Amino acid sequence: MTTNTSEQQAVPFWRDERYLQVIIQVVLVGAVVGFIYYLIHNLVTGLEASGQPLTLSFLKQTAQFDIGEKLIEYSRASTYARAFLVGLLNTIKVSFLGIILATILGIIIGVARLSNNWLINKLASIYVEFLRNIPLLVLLVFLAAGVFFKLPKVQHAVALGKIAFLTNRGVFVAWGEPTASWPFYVWALIIALFVALVVAVILIRQGRETGRMPLYWLWGTVAFLVVAAIGWIVITLATPQPPLRLSLPELAGRNFKGGTSWSPEFMALLLGLVIYTAAYIAEVVRAGIQSVSKGQREAAGALGLSGFQTMRLVVFPQALRVIVPPLTSQYLNLTKNSSLAIAVGYPDLFAVGGTIINQSGRAIEAISLTMMVYLTFSLITSLFMNWYNQRIRLVER
Amino acid sequence: MSEPVIICRDVHKWYGQFHALRGIDLEVDKGEVIVIFGPSGSGKSTFIRTINRLEEHQQGTIIVNGIELSHDVRNIAAIRKEVGMVFQQFNLFPHLAVMQNITLGPIQVRKWKKKKAEEIAMQLLERVGIPEQAEKYPGQLSGGQQQRVAIARALAMQPQIMLFDEPTSALDPEMIKEVLDVMVELAESGMTILAVTHEMGFARAVADRMLFMDAGSIVESGPPSQIFENPQEDRTKLFLSQILQH
Amino acid sequence: MTTTASTTQGEVLPPPTERYTVLGWLKKNLFGSWLDAILTILAALFIAWAVYTGANWVFKTARWDVIVNNFALFMKGQYPTEEAWRLWLVIYLAAAIGGLMWGVFVRSREMAGWLLLILPLLFALAALALGSNVWINVLLIDVVALVAYFLGRTFPKQLQRPTITLLLLYLPLILLIVRGFGENGFMPQVGTNFWGGLLLSLLLAIIGIVFSFPIGVLLALGRQSELKAIHWLSVIYIEVIRGVPLVTLLFMGMVMLPYVLPAGLRIDNFIRVAVAIVMFAAAYLAENVRGGLQSIPKGQYEAADAIALGGFAKMTRIILPQALRAVIPVLVGQFIGLFKDTSLVALVGLFDLLGIARAVLANPNYIGTQLEVYTFIALVYWVFSYGLSYASKRLETSLGVGER
Chain W
1 MTTNTSEQQA VPFWRDERYL QVIIQVVLVG AVVGFIYYLI HNLVTGLEAS GQPLTLSFLK
61 QTAQFDIGEK LIEYSRASTY ARAFLVGLLN TIKVSFLGII LATILGIIIG VARLSNNWLI
121 NKLASIYVEF LRNIPLLVLL VFLAAGVFFK LPKVQHAVAL GKIAFLTNRG VFVAWGEPTA
181 SWPFYVWALI IALFVALVVA VILIRQGRET GRMPLYWLWG TVAFLVVAAI GWIVITLATP
241 QPPLRLSLPE LAGRNFKGGT SWSPEFMALL LGLVIYTAAY IAEVVRAGIQ SVSKGQREAA
301 GALGLSGFQT MRLVVFPQAL RVIVPPLTSQ YLNLTKNSSL AIAVGYPDLF AVGGTIINQS
361 GRAIEAISLT MMVYLTFSLI TSLFMNWYNQ RIRLVER
Chain S
1 MSEPVIICRD VHKWYGQFHA LRGIDLEVDK GEVIVIFGPS GSGKSTFIRT INRLEEHQQG
61 TIIVNGIELS HDVRNIAAIR KEVGMVFQQF NLFPHLAVMQ NITLGPIQVR KWKKKKAEEI
121 AMQLLERVGI PEQAEKYPGQ LSGGQQQRVA IARALAMQPQ IMLFDEPTSA LDPEMIKEVL
181 DVMVELAESG MTILAVTHEM GFARAVADRM LFMDAGSIVE SGPPSQIFEN PQEDRTKLFL
241 SQILQH
Chain X
1 MTTTASTTQG EVLPPPTERY TVLGWLKKNL FGSWLDAILT ILAALFIAWA VYTGANWVFK
61 TARWDVIVNN FALFMKGQYP TEEAWRLWLV IYLAAAIGGL MWGVFVRSRE MAGWLLLILP
121 LLFALAALAL GSNVWINVLL IDVVALVAYF LGRTFPKQLQ RPTITLLLLY LPLILLIVRG
181 FGENGFMPQV GTNFWGGLLL SLLLAIIGIV FSFPIGVLLA LGRQSELKAI HWLSVIYIEV
241 IRGVPLVTLL FMGMVMLPYV LPAGLRIDNF IRVAVAIVMF AAAYLAENVR GGLQSIPKGQ
301 YEAADAIALG GFAKMTRIIL PQALRAVIPV LVGQFIGLFK DTSLVALVGL FDLLGIARAV
361 LANPNYIGTQ LEVYTFIALV YWVFSYGLSY ASKRLETSLG VGER
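Chains as they are written, first to last, in our numbering: chain W, 1 to 397; chain S, 1 to 246; chain X, 1 to 404.
None of these hints come from the bench; they were simulated from the model.
Computed from a predicted structure; not experimentally measured.
It is possible that some hints are incorrect.
[Claimed, not checked] Among the chain W residues that face chain X by a calculated CB cut under 7 Å, a handful are:
(1) F142
(2) M371
(3) L375
[Unchecked claim] Computed footprint of chain X on chain S, listed as stretches where at least three residues anywhere in the stretch have a Cβ under 8 Å from a Cβ of chain X:
(4) 78-85
(5) 105-117
(6) 151-163
[Unchecked claim] Cβ pair distances, simulated, as ranges:
(7) W262/W x I164/X: 52 to 58 Å
(8) Q390/W x N363/X: 52 to 58 Å
(9) W25/X x W182/W: 56 to 62 Å
All C-beta atoms, glycine included, are put in the ideal place defined by N, C-alpha and C.
Isolated chain W, as found in the complex (with noise of 0.2 Å):
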């Protein structure tokens, strides 16, 4: 080549952007990394100094407290990690009740801020409006401190009918009691989904071949509730007791027997996070309704398809794209918001890991690993939206 060599001479490296870059990059990261060295540094030292080295050794130390609600065993003689345990578990039990209740409760009220009949559009709108500008934690403490610890006490209970007992204590309801046949029903129910998930297939496979997709999900439904109905029959008549009892609470004294019992805690928990969170996923659902355009519908009405059909083929799938991302951050949310037990009582994983601070002085330690099954729980989150956008990117190309 006949380059001029007095035009090649190096580059002083500090004029170099590929240098440079590296240089801001190595400063920064090292600027970074030499702050939290000094902060943990502190940390340690601070630690040491007042006789609490960092360490995990304390969860194997026995945790010394009760836990009211508990779905595992527990006792005061278990283990500081069995008592993280039952937090996790019940941070799980309020969260996935409150999404399956707050995205009924969410897609009704969305629905009826669209609605063309004024009234009902109007109470969706204050019903919006008002959560949507109130904080949560106020919302809590006033369902439970106002409404459920105010129920009347057991013995003045607010009857609703025989089924429900609404007091300070809780709310007793109904329930069904397994018999000795219920080991049986519960195989009949794993063939029920099994036949269920048959009838989709085929559905599904018919659906791709005749290019028609029939309701699936429907057939799929009405199947398996055939099946748990007939093994329901079948188990009651050869056994000669039905898989479940109805079992009614009765006042027994200063408490209640039978049937199955909600605690005021977990019930102003649930209620506030599933009415708080409604309120959001109801304008998610209305925003996604609304994204679909007019020109969609009109095209789809062209075609002749039914409203019923311009629904479910043009509407619903375009409106999901749009709504599943803000709805699975929603769904989020409501589990860090379940972190708010601890103003109401309720023992989820923030409370229970705030009475073994207590218990045992280990405060950043327990912090750290509630952090980080939250941190997990978002994690799992923003997996499922990447694959999931992924996916609606590759059925646009």
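On the provided structure of chain W, position chains S and X as indicated by the hints.
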């Protein structure tokens, strides 16, 4: 004989596996007006964008005004000061009024006083024929007016060289002429110009040289008379027949 | 239509659908179909029941003395009454800045939006109900706001910069006024442990949004950066903070902050929660700003490069002004969210609006007034949040944000 203001030797560029520029050699003299044309995807925009480093070339040499484009940040800034650019989509700054759009570079980069910058900006607005729009925002102007502001903005830096990247492609037909008029006037004033454009009337009127690019290389170059009347390459003939058909 | 009167050609007539009557409206909007009619009746019954029960409670059962007697406590916590004039001053300043902004930037005569902007202020005002000077203050604050508004309208060009400067100076100024300095003198120091009620909630929210702003913008730029190390550092910070509940951060701030700082440096609870809130808000703000950055077309970067602007000028002159303008509505939303979120500091023992509410309820004189107290503070939160979001919507339409 003075040095050419732009020297390109064996310039290559890849986008991933795609070989976008395949060894471009070009020398441009001061005051020369060059029109680059060719089918879409032929690398003509990529090529002129390498001259002010909006795209980085990966092999070969580009020397502008005696300064070599390398990884030296000082050189990149120096060259950009001397090279003005006009984009297909105007790329005016929508949050700034026309006057601020034009004076931003001179004040920030050339370090002129605001007053001086505004005086020169006003002269340029008169030159492109829209002095009355100085206080308006780009969103309030027509496409043709916006592109003329964009030209004034590039000129305000007092560049040695002007690059035009399909300056009329995003314009409605009735606005093309007002922009071309400005460009013709600029060409006649002795500015060094590299323009990617399919406005053959403009090329015929003012171009000193035309370059036909296809598949990342310069297929043919020559004065407009030769390119229009007697193209040497089949690809040039075919392309010209396609665009001149209507 | 079978109208008998002949219509002259070319005569401008209202469309037939516009000529509906009350009955027509009812039929169209409430009783369009059987389902609609049933829903309407059910909804009406529900409303009647709710209004009856609600009114009964509000006017007969509820004990509002708990609110009336503790009003000052709810508004300013333990802030000394003889220093309350400083809080009034803070509100005067807010009224002046609000009026100026409305006059300089919005310039519409529309008083409805105006009033809604100062409604929260009025609330705070009536709130500081101390002694006999309240109504004079309310009046004077209105006057200040109006004067500022007309000044802004008359000299929009000249006052643009001063207004923005004032807005930027507002937080340091009010912190100085609220905190005071020196033992004696005319503004003696009032420790943060005396700050409480709505005052504390608002201060934390303002501090949160203002201090998190520069951090959030840097994080957003970092996340967009092509330099991998910077990109990943930003992503990790943003995602970790967004992945955990605020309450865990608050606990972490309370517990950990004293340890990570050099030994011997004591910081009070207010600063601990403020740090946690700022860290929290920065991550969310970064994501909002990133949304704005992504809305800037690539051509804007290229045009800035083409006129040889340096990286700093390119960002501060071209990219950020546009990106931030695009996200103003979202940032207002974030501020409202943050204001609501400050209620969580009650969980770590601070006496914000909710914390004061809990303290009042612990007073044996007010046993059983949970409904009254929580309804009241919910209403305060609601008025502020809704008022602000309404005003910002108005501002948005008249500024045409995101249009240019």
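Violations among the numbered hints, reported as their numbers in ascending order: none
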